[in-house]
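Trainee: Line order of the protein sequences matches chains A and B.
Residues in the first sequence are numbered consecutively from 1, following my numbering.
Residues in the second sequence are numbered consecutively from 1001, following my numbering.
Hint data in this document are derived by calculation from the structure and do not stem from the laboratory.
Remember, it's a predicted structure, so these values are computed and weren't measured experimentally.
The beta-carbon is built from N, C-alpha and C at its ideal position, and this holds for glycine as well.
Keep in mind that the hints are not guaranteed to be accurate.
[Stated by the list, open to error] Derived CB-CB ranges, DEER-like:
| id | chain 1 | residue 1 | chain 2 | residue 2 | range |
| --- | --- | --- | --- | --- | --- |
| 1 | A | Phe17 | B | His1213 | 24 to 30 Å |
| 2 | A | Lys125 | B | Trp1203 | 35 to 41 Å |
| 3 | B | Ile1152 | A | Gly58 | 36 to 42 Å |
| 4 | B | Ala1155 | A | Gly39 | 33 to 39 Å |
[Unchecked claim] Quick list of in silico lysine-lysine cross-link-like pairs, BS3-like style, CA-CA up to 25 Å:
| id | chain 1 | residue 1 | chain 2 | residue 2 |
| --- | --- | --- | --- | --- |
| 5 | B | Lys1062 | A | Lys97 |
| 6 | B | Lys1002 | A | Lys124 |
| 7 | A | Lys236 | A | Lys194 |
| 8 | B | Lys1002 | A | Lys18 |
| 9 | B | Lys1062 | A | Lys71 |
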Amino acid sequence: MEAMLQVDNLTKQYANFKLDHVSFTIPKGTIMGLVGENGAGKSTTIKAILDLIHKDEGTVTFWGQQLSSSKQLYENIGVVFDEINFYQTLTPLRVGKIAGASYRQWNDKIYKEYLKRFNLPIDKKIKELSRGMKMKLSIAVALSHNPKLLILDEATSGLDPVMRDDILDIFLDFVQDENHSVLMSSHITTDLEKVADYITFIHHGKVAFSKTKDELRYNYGIIRCGTDFFNKLDKKEILAYRKEAYQWDVLVADKDKARRKYKNAVVDNATIDDILVLYVKGEQAK
Amino acid sequence: MKGLILKDLYNLAGNVRYMLFAMIIIAIGIIPSSDGVGFPIIYAIMLSIMTISTFTFDDTSKWTGYALTMPVSRNELVRSKFIVLAFFCIIGCISGIVTDIVGGAIMKRFDSYAENIGVTFLLALAALGISLIFGSTLIPVVIKFGAEKARILIAVVIIVPAAIIWGGITLALSINRDTELINFVEENIFVLLCGLFVFALLWSYVMYRISCHILKNKEF
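This is chain A alone, in the form it adopts within the complex (with noise of 0.2 Å):
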């Protein structure tokens, strides 16, 4: 599959965190969702692969050209950050016009249409509209000028269930395009069940894995187990446990094998929030 975003060994060293030789690839056509606890390393991946900070080790390839290599990169790239970045006195009016007047491949007949679309009034000033329609009018802004790869950095926390919802459908109808892929941080791991293809997770810095999502659902799951149990176990099937009140909690990468090895142990299938919480919060097996 063709990749349009590759990022290799992305490394950048703070006093105190290190994001630490990140990898992955968005192929066409898909939705990566990057996940982590807060203070993880997604908004710092993020930056860094948008140049806005300095690397210390990595490259990053947008359709295998480097983004400093050429303008017309920054053109097929749309960009929403966890809040609006144009002055609260702006109008959406004056912000087509801005965004008009930064992107040549900007097409305001569609802006106009998304404008309409998400209700958003044209003349109003922004500090006038609610979280939800702000973030709404960074996504039509991100989606005005023709982008071919979606960026967004938590785009949809702080917003209600139904907000989410429309805005992950827009996101869904982006990707109809084969052409188009999207990479979005979020902690809300439903929102990334309901539309990612794929799942990096980010844990201290370093990717603990980046797999379809399908793979996670389909194949991952948790032992639920007594004490004697877990000390049966074969180690090297764990990828992370947790004692909970009165069992533990084992995170396996094939919930098949494990119903067939482990015929009395009760194996649930696991979600992305029990395998973000059990590597987060439990221990990762040597």
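Go by the hints and put chain B onto chain A.
Mentor: Below, chain B alone, put in the same frame as chain A:
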């Protein structure tokens, strides 16, 4: 870059009426009590400060990081700020000239009108130079420290050099009591003011390069 300039002008649109109000109040206060030839300097410096306000708006909305995801280079981002500065300095000078002329007409200072109008234009040239030096010195400071911290540093950056220059002139005048220096300045005022303007352009270019260097190393 057109989008960046448009953004600053739109952002400042809300401040225009306050600035206009302040300019009118100053005019009402000064016109009756003076021969009214200082407005270009006052207005040009006042409006050059508007450029610093654009940084405040940018910081509030975390604009700069976002702008760098657009097809805009870091140098273009700096250049747009200097263009906005030059725009407001010119507007300040023009509105100062107009106020001088209108003020002269209102106060019926027709005797000195012809003389004053020449002085007004000369002062406008000086005003353009001074406001450019003032604004372009502030831009790298604001880029480096952010609009909020830079407010404190404005005093250091502007008032201290201004005080040194003022002190230097006063000292030179006190040493040179035979008015030779004053005569020299009066005789060569046009050349000196043109020189000031050329110096302002060179100074702005140096500040532009410094600003580009600061922004190049900045992370968002």
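Trainee: Would you mind marking each hint as holding or not holding in the structure?
Mentor: Status of the hints after comparison with the structure:
1. Distance hint check: the CB atoms of Phe17 (chain A) and His1213 (chain B) are about 27 Å apart, consistent with the given range 24 to 30 Å.
2. As the Cβ distance of Lys125 (chain A) to Trp1203 (chain B) is approximately 38 Å, the hint placing it in 35 to 41 Å holds.
3. About 38 Å separates the C-beta atoms of Ile1152 (chain B) and Gly58 (chain A), a value consistent with the hinted range of 36 to 42 Å.
4. Roughly 37 Å separates the CB atoms of Ala1155 (chain B) and Gly39 (chain A), a value that falls within the hinted 33 to 39 Å.
5. For the hint linking Lys1062 (chain B) to Lys97 (chain A), the alpha-carbon distance of about 19 Å falls within 25 Å, and the restraint holds.
6. Proposed proximity of Lys1002 (chain B) and Lys124 (chain A) is supported: the alpha carbons are some 23 Å apart, at most 25 Å.
7. The hinted pair formed by Lys236 (chain A) and Lys194 (chain A) fails the criterion: a straight-line CA distance of about 31 Å is larger than 25 Å.
8. The suggested pairing of Lys1002 (chain B) with Lys18 (chain A) is violated, with an alpha-carbon distance near 38 Å, which exceeds 25 Å.
9. As the CA atoms of Lys1062 (chain B) and Lys71 (chain A) are separated by approximately 22 Å, the hinted pair is consistent with the 25 Å bound.
In summary, the structure is inconsistent with hints 7, 8 from the numbered list given earlier, while agreeing with the others.
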